[in-house]
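Asker: Those sequence lines, one after another, are chains A and B. The first sequence begins at 593 in the working numbering and counts up by one. The second sequence begins at 58 in the working numbering and counts up by one.
The reader is advised that the hints may include incorrect statements.
[To be verified] Label pairs and their in silico Cβ distance ranges:
id: 1; chain 1: B; residue 1: Leu125; chain 2: A; residue 2: Pro705; range: 40 to 50 Å
id: 2; chain 1: B; residue 1: Thr114; chain 2: A; residue 2: Pro705; range: 15 to 25 Å
id: 3; chain 1: A; residue 1: Arg643; chain 2: B; residue 2: Glu116; range: 16 to 26 Å
[To be verified] Straight-line distance between alpha carbons at most 27 Å, and here's what the computed DSS-like set of lysine-lysine pairs gives:
id: 4; chain 1: B; residue 1: Lys158; chain 2: A; residue 2: Lys634
id: 5; chain 1: A; residue 1: Lys704; chain 2: B; residue 2: Lys158
id: 6; chain 1: A; residue 1: Lys660; chain 2: A; residue 2: Lys649
Rather than coming from a laboratory, the hints here were simulated on the basis of the structure. Keep in mind that this is a model prediction, so the values were computed, not measured. Virtual Cβ for every residue (Gly too), placed ideally from N, Cα, C.
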Amino acid sequence: GENVEQHPSTLSVQEGDSAVIKCTYSDSASNYFPWYKQELGKRPQLIIDIRSNVGEKKDQRIAVTLNKTAKHFSLHITETQPEDSAVYFCAASRNNAGNMLTFGGGTRLMVKP
Amino acid sequence: GAVVSQHPSWVICKSGTSVKIECRSLDFQATTMFWYRQFPKQSLMLMATSNEGSKATYEQGVEKDKFLINHASLTLSTLTVTSAHPEDSSFYICSAGGNEKLFFGSGTQLSVL
Chain A
593 GENVEQHPST LSVQEGDSAV IKCTYSDSAS NYFPWYKQEL GKRPQLIIDI
643 RSNVGEKKDQ RIAVTLNKTA KHFSLHITET QPEDSAVYFC AASRNNAGNM
693 LTFGGGTRLM VKP
Chain B
58 GAVVSQHPSW VICKSGTSVK IECRSLDFQA TTMFWYRQFP KQSLMLMATS
108 NEGSKATYEQ GVEKDKFLIN HASLTLSTLT VTSAHPEDSS FYICSAGGNE
158 KLFFGSGTQL SVL
């Protein structure tokens, strides 16, 4: 089955700096890669996703890049703010949709004011 | 985005009792829903896939007789933790797909005394 590895497990940045979280996956058939943000005790919220037919997607301060050859994808947050502090999960799915996701281990992002 | 409602948000029960958790898709029909378990500071682990009108599909290592899943309609799936024990204490989250994306319920924090 699919295996998703996520790094780093914790990340501390100064407000205004950029944050990058990286994930690798094992199943070359995976073609949908969402990112979720989870605040303590709350539900994961989809913040951005990318499908295998594109290499990059951007939404305001958030961007995701995908390298299918290397089987890795990354989340980039620019101009970080304290409210970006949360746990971020990457995930992968092979059916081009959000079903049957395999999650990475999560990254706890702390943005210091 | 689509709305997935989960109840209760938290429950405390005595060891040996059973607890039922409901997951509802409020503005779309979901033939498939997913149940996850999340321990503190860890990732979401898929427990089972709930299929409307048929038996759930359980992940390896998940006891189907302990975690009963019923998906009787296109908008409701229930997870019953039977004969709960302290080691079952965890955060349980459901999810369902809408417009090809996956949306999560608000989660249920179960504490078994």
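Asker: Please go over all the hints and tell whether each is borne out by the structure.
Answerer: Status of each hint after checking the structure:
1. B/Leu125 to A/Pro705: 40 to 50 Å: 47 Å, holds
2. B/Thr114 to A/Pro705: 15 to 25 Å: 45 Å, violated
3. A/Arg643 to B/Glu116: 16 to 26 Å: Taking Cβ atoms as reference, A/Arg643 and B/Glu116 lie about 25 Å apart, which means the hint holds.
4. B/Lys158 to A/Lys634: 18 Å, holds
5. A/Lys704 to B/Lys158: 32 Å, violated
6. A/Lys660 to A/Lys649: 14 Å, holds
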